[in-house]
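Dock chains B and C against chain A, hints included.
First to last, the protein sequences are chains A, B and C.
Each residue of the first sequence is one higher than the last, beginning at 1 in this note's numbering.
Each residue of the second sequence is one higher than the last, beginning at 1001 in this note's numbering.
Each residue of the third sequence is one higher than the last, beginning at 2001 in this note's numbering.
Read the hints as simulated data drawn from the structure, not as lab findings.
Treat the hints with caution; some may be incorrect.
To be verified - Below, a sample of chain A positions facing chain B; criterion: calculated Cβ distance under 10 Å:
no.	residue
1	Glu35
2	Ile66
3	Ile103
4	Gln210
Keep in mind the model is a prediction, meaning the values are calculated, not measured.
Ideal Cβ placement from N, Cα and C applies to all residues, glycine included.
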Amino acid sequence: MADQKKSSLLLKPNRKVGIVGYGAYVPMYRLPAAEIARVWGRSPKSVPIKEKAVPGPDEDTVTIGIEAARNALARAGIDPMALRAVWTGSESHPYAVKPSSTIIAEAVGAPAHIQAADMEFACKAGTEAMVMAIALVGSGMGDYALALGVDTAQAKPGDALEYTAAAGGAAFVIGPAEEAVAEIISTYSFVSDTPDFWRRAYQHYPEHGQRFTGQPAYFRHIGQAAKTMMAESGTQPADYAHVVLHQPNLKFPKKMAKSLGFTHEQLETGLLSGVIGNTYAGASPVGLTAILDIAKPGERILMVSYGSGAGSDAIDLVVTDRIVKRRETAPSTQDYITRRIEIDYALYARYRNILRMD
Amino acid sequence: MEIPRHWRIQKQRYSLVGEECPHCSAKIFPPRDVCPECGGEAKEPYRFSGRGSVYSYTVMNNAPAGFEESLPYTIALVQLEEGPTVTAQLTDLGEQPVEIGMPVEMVTRRIKQDGGRQGMLIYGYKFRPVMG
Amino acid sequence: MNKVYIAGIGQTVVGEHWDRSLANLSAQALLAALHEAGDPAVDALYAGNLLASSASKQSNIGALIASNAGLTGVETFTAEAGEASGAAALRMGYLAVRSGYARTALVVGVEKVTDMVGGGIDNVIAHSTDYDFEAMSGITSTTLAGLLMARYIAQYHVPADGLGALPVMAHANAVHNPNAIFRRAISMDAYRKAGMVSAPLNMFDAAPYADGAAAVLLTCDPAIARAGGKALVEIRASAGAVDTLALHDRPEPLMFSAVTASTQKALALAGMVLQDMQIYEVWDAFSIYAVLSIEANGLAARGDGWRWVADNKDMALVTMGGNKARGLPLGAAGLYQAVEAAMQLRGEAGENQVEGAEHAIIQAMGGPAANVITHILSRSASTY
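Here chain A stands alone, though its shape is the one from the complex (with noise of 0.2 Å):
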């Protein structure tokens, strides 16, 4: 990598870190798109995802985050007692005032030495988590942190976004680079107040502006912030074996990386929403720890996560050696997802407390 004079637009720390573990958790239960339709009368013909992973009734984004941080720390291969921060970003963590970072960091043993809390950023809740956990690491504070990106997502029966609205999570221990199977090169964030999709507090399900998501919101961040990753990097497109963008479906993602310059080749192993929705703030997350499953050492990684209200961080990585050994230490992303139960709508509703009780 050539010297680069530092950046005043590209997150870079003084220390550089990387990912020193991974993984992901998807629940196995699968509410297919055409069922959706199916009940709402629609045409399963125009359903924008094959099927959706939906949280079995015991299990919530704490659940999911717990399994996917155990992954991640067999791969890291360090004592969870070395953490020094767990930060879960979701936009359905359980408790509205309590963290679901602390549940978390007790059932995977880490210290009571932490920085915990958790994070809010519609489905880019999670690269925030990432990137605060590179600075910690990264400016010398700490040696390790647990970043997740994790969401049971929630959407208004009959709504359009019904179809995709998933569950899943991903965990990341970031760490020195030496010990990295994914060094982190430098991270570029891209925020406005635009909004596209909201909850108002004590509402049950979001709003969102319809096509107002789409050129303002999702296509201006995630361009924008993989544009100016480009330019301040001095890279282009075709320096990067894989690409992993924000999929709340499977148009936006391809056509996004159409127009930046991306084949389908780059994109395709890690966008899974096809097969198991958007997980929202575990979107992209899940999708990178499906890339890094299969890269080969050397391989550089473009990341951007889109959240609505709204933003996109961008993450730049190179695979390492380490990765060869490491990633066989924990169940893969593919693992969970071919681990699949089929359900019905009737299930479905009740799974997700849809139906009034009371």
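Below, chains B and C without anything else, positioned relative to chain A:
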């Protein structure tokens, strides 16, 4: 609200943290004041692997109050590979039939709410068929 | 040490007594026992009860019972040993009279299951399991029996209807017990078709929880014992034993070692053997518990207890319907066992009379034999 009694055994419930007896090396779950094997005091924390097998199981179609959301569920006596046996729900069974002797692994799941939608969430161990 | 006579007995019908309280039920039973014995002065009152402090928000049951029945001058407390609370109270009465501390002791078992309606009652009954590590996984007492039955059937290749003989026998006996909750016979066919409660345990494998009260008046004074003009019955021995609370802590869950220990201690104290008994009031809260008790008492080899129930001709089991058909008023059940055994030994059991009944062994247990309390009763004329 039963906060203190659930809080004080969080590590045990979330992560199957038991004890190892410093006198006879027996692995003990759940922790107790006196080792059931040798009668000595047993206080060293020990984290179980979570791997075990089904000793017996039964399917419940009627749940006690507070457990209805998981119906129908299977309860099993799971013999952990380190020795002790625990009582737990099986989860993520899908279409898979349960069999005595089946290998299972521990996962941390939501067990119940401590009294309704306003109450504390209680997480704890369940077991699922070994993945992969 | 004194002989302990049963001078009076009393019991209510076992059922859903919506209109009657703990106090009402206990009074009916204890007054019947007192009147039978000519209303002697009572020195001590021991109460057996399991659920009242949770289901009825009432503790200090002994004081409640004494106040309501006008029993002044007694000392009292409640004995609790899970579902064996009644037997624990009986043991207290036995010890008080045997030791000479009390001349008369009134022992009352009472349970009001119906003071609580809805699903919560199963949770309360599950308090006799390990709350943190059994109940908190969503089990009930029935679940533990289901787990044992599943393992037993698999381990010993028992046919699916193998445990049906006992419920069928219990229901047949309850037809002639006016105090039983269920007074209709059931067939093996009905057993085979019964709905599952905690598979493989079906509806007929589990005794029904219900309200009831039963009482005995114990005395060391033969004059009081004879006052009612009944044949003399005495408690020959009493013994308890404990096993791990949680079923998962047993090295061998299908071995009810507390049953073995409790029975052996009681027999040793009485100077008798099990074969001396004409009546064995086995604890049939679940048919599997009865089968495992039979094996633990050495009456059948392990895995054969289910066959012994059908084949045995030597001992009468569940003579008035047992927990299964007479009903299971939890903390009172141990006293129902004592009352029924006394009726048998007095020759007052009517259609259910066991011919030549001289000795009876009655056994109650809390949980899956976590706490087992055994009594041996004899007709006094045959005491040697």
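Quick rundown of the hints versus the structure:
{"no.": "1", "hint": "Glu35", "verdict": "17 Å, violated"}
{"no.": "2", "hint": "Ile66", "verdict": "5 Å, holds"}
{"no.": "3", "hint": "Ile103", "verdict": "7 Å, holds"}
{"no.": "4", "hint": "Gln210", "verdict": "31 Å, violated"}
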